[in-house]
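These protein sequences, in sequence, are chains U and W. Each residue of the first sequence is one higher than the last, beginning at 1 in full-length UniProt numbering. Each residue of the second sequence is one higher than the last, beginning at 1 in full-length UniProt numbering.
Note that these hints are calculated values from the structure, not bench results. These numbers come from a predicted model, not from an experiment. Take the hints with a grain of salt, since some may be wrong.
[What the hints assert, rightly or not] Label-pair ranges, simulated between beta-carbon atoms:
| no. | chain 1 | residue 1 | chain 2 | residue 2 | range |
| --- | --- | --- | --- | --- | --- |
| 1 | U | Arg-132 | W | Leu-97 | 48 to 58 Å |
| 2 | W | Ser-230 | U | Phe-53 | 47 to 57 Å |
| 3 | U | Ser-230 | W | Arg-196 | 26 to 36 Å |
| 4 | U | Leu-108 | W | Pro-287 | 20 to 30 Å |
| 5 | U | Gly-216 | W | Glu-191 | 23 to 33 Å |
| 6 | U | Ala-85 | W | Glu-191 | 23 to 33 Å |
| 7 | U | Gly-153 | W | Gly-304 | 13 to 23 Å |
| 8 | W | Leu-97 | U | Ala-85 | 27 to 37 Å |
| 9 | U | Pro-177 | W | Gly-304 | 25 to 35 Å |
[Claimed, not checked] Cβ-to-Cβ under 8 Å is the rule here; a few derived chain W residues that face chain U:
| no. | residue |
| --- | --- |
| 10 | Lys-154 |
| 11 | Gln-159 |
| 12 | Arg-187 |
| 13 | Leu-202 |
Even for Gly, the Cβ is constructed at its ideal location relative to N, Cα and C.
Protein chains: 2
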Amino acid sequence: MSPLLSGGCLRAVWARARDARLLVPHRGASGGPGCARDPPTGAGLLRGELDRFGGVSVRLGALDCLDAAAFQRALQASVQQWRSAGRVAAWLHVPILQSALIAPAAALGFRFHHAEADSATLTLWLGEGPSRLPGYATHQVGVAGAVFDENTGKILVVQDRNKSKNLWKLPGGLSEPGEDLGDTAVREVFEETGVRSEFRSLLSLRQQHRHPGAFGKSDMYLVCRLQPRSFAIRLCPHECLRGAWLDLATLAADAGATPITRRAARLLLYGHREGFDKVDLTADTLPAVHTGLLYKLYHRELPGRYKVPAGAE
Amino acid sequence: MSPLLSGGCLRAVWARARDARLLVPHRGASGGPGCARDPPTGAGLLRGELDRFGGVSVRLGALDCLDAAAFQRALQASVQQWRSAGRVAAWLHVPILQSALIAPAAALGFRFHHAEADSATLTLWLGEGPSRLPGYATHQVGVAGAVFDENTGKILVVQDRNKSKNLWKLPGGLSEPGEDLGDTAVREVFEETGVRSEFRSLLSLRQQHRHPGAFGKSDMYLVCRLQPRSFAIRLCPHECLRGAWLDLATLAADAGATPITRRAARLLLYGHREGFDKVDLTADTLPAVHTGLLYKLYHRELPGRYKVPAGAE
């Protein structure tokens, strides 16, 4: 087995190309306290894991005691060997406390792929032509709740604090990691207004790029139809200036509402008068083919004659 | 003006609290080549920019010549002052070649917010209670093209390379940064199959969390209805094993297709037989209220009686 081929999800260790002796002793492995002051200067190699796309990943340990110059030499020799072996990409996973090793890697052409909390991931494309490496998440997801009371014909709207224009809008906010969009709508409506509600359907989707509130990334904004379960408004003083139940038909034509709010109001008016099946995208839960993880799928409700019997999906 | 208050988008400079003398000379400012070897050890402060949410941002220059220990002392003193002044958060923007300054910041509690290409952003929450800082992008966006030929009743499908199961699926792939979802569908269909097409509508949306192909982030998968403009299939050999025009009704019941592909086929069958207005979400372009940037909005087409006259939107 080549030093570059290590099965499973091993923590990166350092090995000399021929005899697998550690290039830089791990903390505690040197017999004395602290780091070795004079790491070997031979051209060591980094041990990585191959992925099925022809890339190689190196995971640095949070407690490894690494010298930046020796690391750079080892990385340079490793990159050379990975290229010779036809690897198309190198991935470097760096714990935040090992960030002193990032600049040496950058000097060899590595760049940030992403970073979050305690860890950064850097990549270097080794294949031919431009990089074909997958990017990182490109969108934040915000969800608004259109809470409509069919009995009174009124809809719940708010005005944000800290805005230059005081326009009526639907309560809503950013999805938490791992949160289904309907749950985001219900949670945000409650946090901003104190109104409890239940998810009914997805009404619309907006895609907007270079979003100022998304660190330059794209924004996906979804509007859900919610059924109110309580009506008393208790505004969040940090986020909202005003909150109200407004007549739906009035809001649909109100210049004091944002364009997307008026549009959502018109969709709801259409649904309220002619049946919500005209505007709703309903949610279904299905298992992913390769992982078995469940996902939520939203589209127009299929009439029974286009559905398959339960279990035959 | 406090040393922490600097208008505009200034590059961070280092200033002593009282006399604005630089704590660490910039490269070239010391009169000699390279870095100062003995930076002043006094408790300097970092100069940052205030944002309207009560946070303060420090931008390190790519060429600043900074000593890690002096930086840590200055950052610690600055954090103390920001806390006293009631700042709720600190943001640290670090060029990749200055990554040696990340670990000293991490030792003071800073963590990665995000990183991309040549730059990392770290944050420290200074306010009360749990952090209320906005997260970074949480979703990758993939788009599939359902290219349906109304004349023959056939739909374009492919089988991926490198999958454990060879199932028919719609061609598609990840959105490039800043790309509208309809454009992604058309581009991916062409790259994978050589078939040219035009965007017609959005058919469905899937949200899936902890996606293995998304570095643990969430995945938003959108299916678009496309109109074919060419029919000859020239498969991308890197991505596709097979490609074919299959009968839509057959695909809708085909166990050799992924569940989401069968579902999309049934939606198309419904539309093909009873009118695509039954299943389509059509796209509209609107200007954002606060920035004027254009965005795309997708929802059921509104009948004329629910629309407003052009220009009155």
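Cross-check of the supplied hints:
1. In this structure the hint that Arg-132 (chain U) and Leu-97 (chain W) lie 48 to 58 Å apart at CB is violated, the actual value being about 26 Å.
2. Between Ser-230 (chain W) and Phe-53 (chain U) the CB atoms are about 30 Å apart, so this pair departs from the stated range of 47 to 57 Å.
3. Taking 26 to 36 Å as the suggested C-beta distance range, the pair Ser-230 (chain U) and Arg-196 (chain W) does not conform, at roughly 53 Å.
4. Evaluation of the 20 to 30 Å hint for Leu-108 (chain U) and Pro-287 (chain W) yields a failure: the beta carbon distance comes to about 45 Å.
5. Checked against the given bound of 23 to 33 Å, the beta carbons of Gly-216 (chain U) and Glu-191 (chain W), roughly 26 Å apart, stay inside it.
6. About 28 Å separates the C-beta atoms of Ala-85 (chain U) and Glu-191 (chain W), a value consistent with the hinted range of 23 to 33 Å.
7. About 22 Å separates the C-beta atoms of Gly-153 (chain U) and Gly-304 (chain W), a value consistent with the hinted range of 13 to 23 Å.
8. Range check, Leu-97 (chain W) to Ala-85 (chain U): Cβ separation about 29 Å, and the 27 to 37 Å hint holds.
9. A hinted range of 25 to 35 Å for the beta carbons of Pro-177 (chain U) and Gly-304 (chain W) is inconsistent with their spacing of about 42 Å.
10. The interface hint given for Lys-154 (chain W) is broken, as the beta carbon of that residue sits about 18 Å from the closest beta carbon of chain U, more than 8 Å.
11. Annotation: interface hint on Gln-159 (chain W) violated; nearest CB of chain U at approximately 12 Å, more than 8 Å.
12. For Arg-187 (chain W), the suggested interface contact is broken, since its CB lies about 14 Å from the closest CB of chain U, more than 8 Å.
13. Residue-level restraint check for Leu-202 (chain W) holds (minimum Cβ-Cβ distance to chain U is 7 Å; threshold 8 Å).
The earlier numbered hints that this structure contradicts are 1, 2, 3, 4, 9, 10, 11 and 12.
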